[in-house]
Amino acid sequence: MDMDLVVEFLKEYSEIFWILGSLSLLLLLFSLVVIPLVVIHIPADYFAREKPFSFFKENVSPFISISWIILKNLIGAFFLLMGLIMLFTPGQGLITVFIGLLLLNFPGKYRLEKRLIRQRYLFSWMNRLRSRFGKPDLEYPDIT
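Numbering (the working numbering) for the sequence shown: 423 to 566.
Just so you know, these hints were derived from the structure itself, not from any lab.
Incorrect hints may have been included.
Said to hold, decoys possible - Pairs of lysine-lysine, DSS-like flavour, derived with a Cα cap of 25 Å:
no., residue 1, residue 2
1, K433, K557
2, K536, K557
3, K473, K433
4, K494, K433
5, K531, K494
Every value quoted in this text rests on a predicted model; they were computed, and no experiment measured them.
Based on the sequences and whatever the hints tell you, model everything.
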């Protein structure tokens with residue numbers, strides 16, 4: 423391939439390369455700031471519980487409950503999408519996908535979360551991060 427063709431190609435599509443580069447940088451910054459915040463705020467026994475964690479106790483307005491579920495699912499979908507993009511760009515793609523799954527609501531989600539957290543890499547990474555911030559280690563889930 424001739425060097426002139428490469429230079430011409432780069433000039434012709436330079437705007438697209440700038441957009442993709444900027445998006446990649448934003449995703450990297452996102453993964454370095456937001457992901458640790460989510461991981462350190464997960465309750466230590468989240469994955470060891472028999473029943474899924476619930477933010478709400480009894481006697482909560484249906485409006486608040488439904489609004490929270492919608493917001494949480496939108497944020498989860500955003501994390502999932504960003505994680506999928508980060509699989510091909512700089513950033514913590516698999517971990518971001520996992521965080522997105524934590525926030526989404528779908529049948530069988532809790533079993534899937536417990537199966538994924540049993541992956542040594544993910545479990546140890548989350549515990550190392552939590553220990554840096556003085557948070558207790560996550561409890562390892564029982565096989566169910």
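Hint-by-hint comparison with the structure:
no. : hint           : verdict
1   : K433 with K557 : 49 Å, violated
2   : K536 with K557 : 20 Å, holds
3   : K473 with K433 : 56 Å, violated
4   : K494 with K433 : 42 Å, violated
5   : K531 with K494 : 14 Å, holds
When held up to the earlier numbered hints, the structure conflicts with 1, 3 and 4 and fits the remainder.
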